[in-house]
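Undergrad: Taken in order, these protein sequences are the chains called A and B. Number 162 in our numbering belongs to position 162 of the first sequence; there are no gaps in the numbering. Number 5 in our numbering belongs to position 5 of the second sequence; there are no gaps in the numbering.
Some hints here could point you the wrong way.
Stated by the list, open to error - Distance condition first, Cα-Cα at most 20 Å in a straight line; then the derived SDA-like pairs of lysine to any residue:
(1) A:Lys132 to B:Ser54
(2) B:Lys132 to A:Asp153
(3) A:Lys132 to B:Lys132
(4) B:Lys132 to A:Ile214
Claimed, not checked - One-sided excerpt, in silico: chain A residues whose CB lies under 10 Å from chain B:
(5) Ile72
(6) Arg90
(7) Leu176
(8) Ala177
Please keep in mind that the hints were generated in silico from the structure rather than gathered at the bench. All C-beta atoms in this analysis are idealised placements derived from N, C-alpha and C, irrespective of residue type, glycine included.
Protein chains: 2
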Amino acid sequence: MPELRLYDYAASANCLKARLLLAQLERPYERVPVDIFAGDTLTDEYAAINPARSTPVLQIGDSTYLSESNAILVYLAGGTPLLPDDPLRRAEVVRWLILEQTEVMPSLGGLRFRLVTGRLAAEDRDAMRRRKLGEATLTALDLHLRTRDFLVDAYSIADIAVYAYTHVAPEAGYELAAYPAVERWLARVEAQPRFANDLVPYPENARLGASRSIYDA
Amino acid sequence: MPELRLYDYAASANCLKARLLLAQLERPYERVPVDIFAGDTLTDEYAAINPARSTPVLQIGDSTYLSESNAILVYLAGGTPLLPDDPLRRAEVVRWLILEQTEVMPSLGGLRFRLVTGRLAAEDRDAMRRRKLGEATLTALDLHLRTRDFLVDAYSIADIAVYAYTHVAPEAGYELAAYPAVERWLARVEAQPRFANDLVPYPENARLGASRSIYDA
Chain A
1 MPELRLYDYA ASANCLKARL LLAQLERPYE RVPVDIFAGD TLTDEYAAIN PARSTPVLQI
61 GDSTYLSESN AILVYLAGGT PLLPDDPLRR AEVVRWLILE QTEVMPSLGG LRFRLVTGRL
121 AAEDRDAMRR RKLGEATLTA LDLHLRTRDF LVDAYSIADI AVYAYTHVAP EAGYELAAYP
181 AVERWLARVE AQPRFANDLV PYPENARLGA SRSIYDA
Chain B
1 MPELRLYDYA ASANCLKARL LLAQLERPYE RVPVDIFAGD TLTDEYAAIN PARSTPVLQI
61 GDSTYLSESN AILVYLAGGT PLLPDDPLRR AEVVRWLILE QTEVMPSLGG LRFRLVTGRL
121 AAEDRDAMRR RKLGEATLTA LDLHLRTRDF LVDAYSIADI AVYAYTHVAP EAGYELAAYP
181 AVERWLARVE AQPRFANDLV PYPENARLGA SRSIYDA
């Protein structure tokens, strides 16, 4: 197996996904800290490994770089039960990986980031738009999980992906008690073997005013 | 192989993806027309097969329903060269399937829909926001395709997914001549065996005022 390096921001839930899966698969890797808000992703060197300047990036061997957190999950989970071989189940996993990026992250994750770092106040128009999308997302998730233990049959990378920003939704002001099937599912994810959540709070330099990052472009 | 039915809107490029792949794989299927703007997706019956009320939906056998256009591509392409088995290439395909939904569709597709159906004028703030995102998306796509024939090595469902809204970008006011590597790639996609583009223009009932759909919620 090739050696792995993870270009990683400790406070990013997208990066948490990769760290959590690597821990659960017991894959050794070198962690390369990227300080997004100190401008580490704005350098020419970073653009050379990821033109989109996002984190995480997985370096595989000497010169292969893979970006997009959920694509990294697909790569690492290949050949393990966390990415089913069955064509329908695999397609359903990918369906959740897409919905996570189109609905869960912009609403729950995007609102939390903007509130916590002072980019938005709760009553701002964009905050209210994201809150409404987040409520619809949590409602749909709760409905889906009422009759299932995991998003697609057994525990998979779909659960890891959606867990990442859902478990911190209370920091965006969502009351997860209103979504009891989601709460029970979060607990089931956290009860998986080798579960490890090492997400840290946004540091002071992530606050608007202090930061220098693509988030302020 | 189970029988297939496609719940399908003729003017949707998301639906075109599924039709194009089914044609290229020579898979027979029954087409079930869904008139989005006449309210067909707002019924309880439709919510039962797809709570998100989007199109397309693939019915597999008697009672299995798969939504999200790119997840449908993953299901249908399983076991064919259009979805590589190699873990890295497969992950790169999924990376493009995600970027298509987070960047290509909201910018190129979303702007085209809103301009063509009278929901936005070119100078509206949301139109300008989408135009800027679309320009960044086309620039990134052009850069990527300057050194490659297809998005991930050989022709794959990543190309089908990104083709869908990119080939109609001129209807959103984009000049594709400014992105020559994208233009050459579109021609390569269209030269594939059994390529079939049967996308139709938005009908009159898609115009704001005439429509009754989730797009006006």
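Undergrad: All hints are to be evaluated individually against the structure, with a verdict given for each.
TA: Outcome of the hint check:
no.	hint	result
1	A:Lys132 to B:Ser54	holds (18 Å)
2	B:Lys132 to A:Asp153	violated (40 Å)
3	A:Lys132 to B:Lys132	violated (25 Å)
4	B:Lys132 to A:Ile214	holds (15 Å)
5	Ile72	holds (7 Å)
6	Arg90	holds (6 Å)
7	Leu176	violated (20 Å)
8	Ala177	violated (22 Å)
When the structure is compared with the earlier hints, violations turn up for hints 2, 3, 7, 8 and for no others.
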